[in-house]
Amino acid sequence: MREMISMVVVLTVLSAFSGGMLAAVRTGTQDKIENQVLKFQKAPAIKKILSDVSNDPLQDRFKLMDNEEEITFFVGKVDNKPQSIAFEGKGKGYGGDVGLMVGVNIETDSIIGVWVTTHSETPGLGSRAKDNPDFVSQFAGMGLDKVFAVKSDDGAIDAMSGATITSKAVCMAAKQAQELYLRLKPEIQKQTQQMAN
Amino acid sequence: MAQSMVKEFTKGLWAEIPPFRLVLGLCPVLAVTKSVENGIGMGIATTFVLVCSNFLVSLLRNIIPTKVRIACFIVIIATFVTVVELMMQAYTYPLFLKLGIFIPLIVVNCIVLGRAEAFAFKNAPHLAIADGLGMGIGFTLSLGALGAVRECLGNGTILGNTVFGPDFQPFTFMVEAPGAFVCLGLMLCLMNLIGKK
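If you're matching them up, the sequences are chains A and B in order.
When you read off a place in the first sequence, starting at 1, and then add 915, the result is the number in the working numbering.
When you read off a place in the second sequence, starting at 1, and then add 16, the result is the number in the working numbering.
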């Protein structure tokens, strides 16, 4: 009985200590990690999409809450006037979540361009969504009233051969971004107008 | 005391160098040694976990009940691995992206658990630290050496610097999975030849 109690006590204390330590480290590194993710994953995608803006979209960003989830929007300005925003949508791919940075022209409500930020798809097959811009370039110029789906799902997007699930995941991410934009549009407009002043 | 510490430290560098002599922890050895940078990064992360877990296990060796020792070891090791993972995310993000899943997998690396069970649980903390440091550095050196051979032949570079002239045709087999086995086998053979004399 004594042995039993000591086993339970030791394991409990050890786990509690470990939990406390991890919480401390996590809190300590959280901001730093967020900056790193921004710098290495989102910045290249944003630069590709919002290539003709005159400001730094990484600096002009704001956050909005959507169903308990915090979403960061990056604003692109031309002549100090907010013209476009970029934000991330997610879709379920073959190896995990596929993150898609979506750039939207806020005046015409159409897509400027999309770019894959994170994925864990098969190298050489699904990974082409990120490495080869041909597939994602199909989204450029599409209006946000369109349906984003591959042709086999009655959409207008040509899927990549050998990577149907990844193609669908990218469409799903675009669709999620589209819904998000339409849902939060009033708030986005409010925020960008504030930035214009 | 100093003498026994030196003895525990140096055995990890040659006589019991982990991947070659103990042939332990081969999963990361084969998977991440595509380049010197990856190999050494993985080695340093493992060394940190090994030293910390060895120290803590040795410190608690009289408190931890023998029946639940493995569970306790795993809790301790997993905690340090998560600390390393968060730290790498915060400070060396590109390396973190390259090593990917193999960082969390240090938890199940046989060397770490093996040293906790075979050495740290039976010896005083200062010896356990020396042992962990020696094993860790031995592991790092092995990964670095294997990475150097594979990167040099398979990619024509070392730490990103070109070593051969422009006419060099990369021996791509070396940076793929089968190349890792062949390379490891040849290095084991070489180590045994030198050791025999």
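What the hints contain is simulated information worked out from the structure, not anything from laboratory work.
Treat the hints with care, since some could be wrong.
The calculated EDC-like cross-link candidates involving lysine to aspartate or glutamate, where the alpha carbons are at most 16 Å apart (straight line), are [unchecked claim]:
{"hint": "1", "chain 1": "A", "residue 1": "Lys947", "chain 2": "B", "residue 2": "Glu101"}
{"hint": "2", "chain 1": "A", "residue 1": "Lys996", "chain 2": "A", "residue 2": "Asp975"}
{"hint": "3", "chain 1": "A", "residue 1": "Lys963", "chain 2": "A", "residue 2": "Asp1069"}
{"hint": "4", "chain 1": "B", "residue 1": "Lys83", "chain 2": "A", "residue 2": "Asp1046"}
{"hint": "5", "chain 1": "A", "residue 1": "Lys1105", "chain 2": "A", "residue 2": "Asp975"}
{"hint": "6", "chain 1": "A", "residue 1": "Lys963", "chain 2": "A", "residue 2": "Glu1094"}
Please read these numbers as outputs of a predicted model, since none were measured by experiment.
Item to complete: Kindly indicate which numbered hints from before are broken by the structure, ordering the numbers from low to high.
Response: 3, 4 and 6
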